[in-house]
Each structure stands twice: as structure tokens, then as C-alpha cells.
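Chains A and B supply the protein sequences, listed in that same order.
Going by the numbering used here, 159 is the number at position 169 of the first sequence; the sequence numbering is gapless.
Going by the numbering used here, 226 is the number at position 236 of the second sequence; the sequence numbering is gapless.
I should point out that these hints are in silico values taken from the structure, not numbers from a laboratory.
Check the hints yourself; a few may be wrong.
For identical chains, the list gives no copy identity; a pair is met inside one copy or between any two copies.
Stated by the list, open to error - Straight-line distance between alpha carbons at most 35 Å, and here's what the computed DSBU-like set of lysine-lysine pairs gives:
#1 K129 x K60
#2 K6 x K129
#3 K7 x K114
#4 K156 x K129
#5 K7 x K60
#6 K61 x K156
#7 K50 x K229
#8 K156 x K171
#9 K81 x K6
#10 K7 x K50
#11 K7 x K81
#12 K171 x K6
#13 K21 x K171
#14 K61 x K76
#15 K60 x K6
#16 K229 x K156
#17 K156 x K60
#18 K120 x K(-2)
#19 K129 x K(-2)
#20 K61 x K(-2)
#21 K198 x K229
#22 K171 x K61
#23 K(-6) x K60
#24 K21 x K198
#25 K(-2) x K156
#26 K229 x K129
#27 K198 x K50
2 protein chains.
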Amino acid sequence: MVSKNQIKLITSLQQKKYRISNQLFFAEGVKVIQELLQSNFELEHLYTTQFDFEEVSSVKKSLIHENDLKKISALATPNSCLAVFKIPQEKEIINSGLIIALDDIRDPGNLGTILRLCDWFGIKQVVCSKETVDIYNPKVVQATMGSITRVCVAYVNLEEYISQTKLPVFGTFMDGENVYKSSLSQEGVIVMGNEANGISEGIENLIKNRISIPRFGDLQKTESLNVATATAIILSEFKRNLS
Amino acid sequence: MVSKNQIKLITSLQQKKYRISNQLFFAEGVKVIQELLQSNFELEHLYTTQFDFEEVSSVKKSLIHENDLKKISALATPNSCLAVFKIPQEKEIINSGLIIALDDIRDPGNLGTILRLCDWFGIKQVVCSKETVDIYNPKVVQATMGSITRVCVAYVNLEEYISQTKLPVFGTFMDGENVYKSSLSQEGVIVMGNEANGISEGIENLIKNRISIPRFGDLQKTESLNVATATAIILSEFKRNLS
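Pulled out of the complex, with its shape left as it was, chain A reads as follows (with noise of 0.2 Å):
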């Protein structure tokens, strides 16, 4: 059974301000919750309609019916489990290898793709402008697939973190240098901009290395990447020598 106050708790964790209140945020699906069970995340509680998970204590755990996992979901088709967790106190900065730093990116499902990447490609360190969408929203949970549990994420000023770092750091811009030619050292902060207005100013005065995908198609007509596949594309690029 689930009350109606653990249903207020829980779909109020799908708003920013009631996560940072109560330092919780939740998660769903079996593939998700069984990662972060598996890591360090503490779990505070457990709602499932069905009869698993016996590696959590009874205490930390519920049966839900599906009628009520439909309340507290955030997904228009629910999964067959949610899960509360405690959000931990960030971890310092890893000052070292690639490092990716977001410049306000706003689509969750953009956020949880690129952590996924990071993981697939060896990062460890994310660093985001503090307007860059919360790691702990439940779309970015659920679009990480796991890796928000291999991936440390922070959010930082971005330009007095990017003033201050002593690694080269690279932005991707539409005249910058052509990627595939740029020799591209295995330590830097790779800078992502934002998915409308690219690379704050502030940020572009700082950044030393203009790296650029060049476009194959129409000229003229072709617009732009997608941040996530933009992403993929210079971490590729970044790692593919040393594979």
C-alpha cells in the first residue's frame, strides 16, 4: 500500500525545488533501479507490483498496485517499479582526461543521452551550467539507462569554472577548425552549448580550441546537429585513435 502522502511526496519529486527540499529523487524500471541499487545510491524506498527484488529489505519496500505506480510515475506508460533514492552530496570535480561541460542544456532526454555517451566512452566528469536541466529529473534518470551511476555530474558557474581550469578546453562552433584534422589531446574540457543558442558569449571568449563537424549535405539548408548526436560525434573523434 502506498498513502496518500508517500503519492504527494512522490509527484512532487518531479519538480526541481521538492527534490532539493527533501534531497530525494526517484527512479523507474527494473534496469534502472536494479544500477542504482548495485551502486552507491542509498534507496529510500521501493514501489513495485510485483514480487522481486529480494535483495531489498522488506522494510524499504512496497507492493504497489498498478493503479497507484500509475499515480506516482512520471512516464505515460509506467514501468512495473519505482524507486525513491536519497540524492548524495556531490563529489569534487575530477580534474582530469576529457571532461564534458554542458552550457545550459535544457532537454532531459538531451542530458540523460550524453551521460549514457560519456559512459560508453570512458568520461567521468560532467560539469554543468547551474541552468542546465537537473540531473536527478526523472527524465534524465530514465534516459541515462544506468550511467548516472558511473558518470559524475556537477554544476558549477561555467565560466569561472572554464576561467580557471588549467586543461585545454574545446567548443564545438559552425567555423571552428575541422575535427577531423585537429590534433585533439586525451586531457581537456570539451564544452556542449546550449540547444538553440549554441556556446554562451562569455563562454566562447574563453575558449581557445574552435572545433567544428563539417556538414556534408545541403550548404545551405542544413541547420544544425542535435546536441546528443553532436556529442557522439567529438567524443568519437576524441577517443577513436586510442582504440
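Since the structure of chain A is provided, determine the placement of chain B on it from the hints.
Structure of chain B alone, referenced to chain A:
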């Protein structure tokens, strides 16, 4: 003004069966609508909240109240305009150059993003299995950002198509040859598989060139890439030496 019948017709176009029976689809937002107007798509009717689109004759244009736009829109936050277009006749498949073949891509955002990628990389033809999401689904149209006007999409019996093509056929698998070290031709069919199940068995058996995107993260845990980001990396590899 928009009549009750028009509202009923337009909302019905969110469903494939009504798009087929009416041979109509709709697009939302100034950018996408403008690209469709400038291409060969035939406008049925445009609904806009503003006195814009001067190029459209007044017979084919209605001013619409925001509240009515909400009723016909497929978006949570409607744009300022929505336009209904005729579904054009399917063109003959262009059997040269690089072709992307989609084996049951179900997510509208993925199909739209893949079309946008094809546009960027100069791919003219996409061939989809019959089970792939419909290109005229409003969410797909939206995600293409106008690329729908520049990339041809055909729905076919994919197994039959692959078995008959004279072009080399490539497919992405977990155990394929490292794509960064493969010799990639500039002609061929590149098969991308379903989000959950990958490439189906019948089609897998027809694929001679098995390629793979190397993984740099935790080999035990990182499971897969999103199909759109995988397509981005693959297309980038096929094209990079031409830049």
C-alpha cells in the same frame, strides 16, 4: 476561425490510420513549416496565431486563437502555428551512395534525429522496415527540424530489400569489426537496429560487413548506445575521410 470538424480532422492526424485515410499530416512551428512550404510539399491549410506567412494565399490560411491551437496541437506547449500538408507519393528508392536502413526504429525522436543526421552527412535515402515509426508522425516531423524535405524515406519489406540490393551491406553489432579500423566504402546500405532488440535475425543473416563501435567505459556495465548517437558515430566514420 477553426471549425469543430477541422479540429476533429487535425487531431485525428496524430494517428497513422487517419493520416493514411486522409493522406494528410501536420507540422508545427515556423521553421519546419517554412521549410515544408519552400519544398515540394503541398499545403492543405495553415493555422497561425499571428499575421505572418505572407507568402501563403489567404484561402489556405486561417488566423487561429491560442486556445484553439492548443486543441489541435500535438505539443505540450504549442507553437504559434500548425500546418496541414498532403502526404506526397513515395518516390523510387535511390539505390546509390550511402543508404541508412532502419530495422524497426520505434521512437519518433530517434527517427527524427536520424533524419537530421542523414541530412547533415548528405545521405539522400533512408529505407525503413514496415514496423518503423511513421515518418509523418507529428513527433517525427518535429524532430527532423526540416530535414524531412531533403531526405527521402521509403517503407519496405526490409529483409527483401536487403536480400536484393547489389550494394555492400553493413550492420552494427556488439561483436563486429572495430569501425575505426574498418575499410568503409562510399556506397552501401548501413543497417541500424531496433532500440531494444537490435537488428532482427532474418536481416542479421544477410549482413556481410559486421561493424562495431568500440567501448571505452566499464566493459561490464555500459550496455549500449542510443541508436541515434550510434548512427551519428557510424556516419561520421563513413564520411570523415572525405572532409
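Taking the hints in turn, this is what the structure says about them:
Proximity of K129 and K60 under a CA criterion of 35 Å is satisfied in both settings, with 16 Å inside one chain copy and 23 Å between copies. Both within a single protomer and between protomers do K6 and K129 lie at most 35 Å apart by alpha-carbon distance, with minima of 12 Å and 26 Å respectively. Within a single copy, K7 and K114 get their C-alpha atoms as close as 27 Å, which meets the 35 Å cut-off; across copies the closest is 46 Å, which misses it. Taking the closest pair of Cα atoms, K156 and K129 come within 35 Å of each other only inside a single copy of the chain (34 Å); across copies the shortest separation is 43 Å, beyond that limit.
When the C-alpha separation of K7 and K60 is checked against a cutoff of 35 Å, the pair qualifies both within a copy, at 22 Å, and between copies, at 28 Å. In this assembly of identical chains, the alpha carbons of K61 and K156 never lie at most 35 Å apart, being 48 Å within a copy and 53 Å across copies at closest. In this homomeric assembly, K50 and K229 never come within 35 Å of each other (Cα to Cα): the closest approach is 42 Å inside a single copy and 52 Å across copies. Proximity of K156 and K171 under a CA criterion of 35 Å is satisfied in both settings, with 24 Å inside one chain copy and 33 Å between copies.
In this homomeric assembly, K81 and K6 come within 35 Å of each other (Cα to Cα) only inside a single copy, at 19 Å, whereas the closest approach across copies is 48 Å. In this assembly of identical chains, the alpha carbons of K7 and K50 lie at most 35 Å apart only when taken from the same copy (24 Å versus 46 Å across copies). Within a single copy, K7 and K81 get their C-alpha atoms as close as 21 Å, which meets the 35 Å cut-off; across copies the closest is 51 Å, which misses it. In this assembly of identical chains, the alpha carbons of K171 and K6 never lie at most 35 Å apart, being 42 Å within a copy and 44 Å across copies at closest.
Proximity of K21 and K171 under a CA criterion of 35 Å is satisfied inter-copy only: 32 Å between copies versus 39 Å inside one chain copy. For the identical chains of this complex, K61 and K76 are intra-copy neighbours only, at 21 Å inside a copy versus 39 Å across copies, given an alpha-carbon limit of 35 Å. Within a single copy, K60 and K6 get their C-alpha atoms as close as 20 Å, and across copies as close as 26 Å, so both meet the 35 Å cut-off. Proximity of K229 and K156 under a CA criterion of 35 Å is satisfied in both settings, with 21 Å inside one chain copy and 33 Å between copies.
For the identical chains of this complex, K156 and K60 are neighbours neither inside a copy (48 Å) nor across copies (50 Å), given an alpha-carbon limit of 35 Å. In this homomeric assembly, K120 and K(-2) come within 35 Å of each other (Cα to Cα) only inside a single copy, at 27 Å, whereas the closest approach across copies is 42 Å. In the homo-oligomer, the alpha carbons of K129 and K(-2) lie at most 35 Å apart both inside one protomer (19 Å) and across protomers (31 Å), since each shortest distance falls under that limit. Proximity of K61 to K(-2) under the C-alpha cut-off of 35 Å is found in both arrangements, the shortest distances being 9 Å within a copy and 29 Å between copies.
For a Cα distance limit of 35 Å, the shortest separation of K198 from K229 qualifies both inside one copy, at 20 Å, and across copies, at 26 Å. In this assembly of identical chains, K171 and K61 lie within 35 Å of each other by CA distance neither inside one copy nor across copies; the values are 52 Å within and 50 Å between. Within a single copy, K(-6) and K60 get their C-alpha atoms as close as 13 Å, and across copies as close as 32 Å, so both meet the 35 Å cut-off. When the C-alpha separation of K21 and K198 is checked against a cutoff of 35 Å, the pair qualifies only between copies, where the shortest distance is 32 Å, while the shortest distance within a copy is 41 Å.
In this assembly of identical chains, the alpha carbons of K(-2) and K156 never lie at most 35 Å apart, being 46 Å within a copy and 59 Å across copies at closest. When the C-alpha separation of K229 and K129 is checked against a cutoff of 35 Å, the pair qualifies both within a copy, at 28 Å, and between copies, at 33 Å. In the homo-oligomer, the alpha carbons of K198 and K50 never lie at most 35 Å apart, since the shortest distance is 51 Å inside one protomer and 50 Å across protomers.
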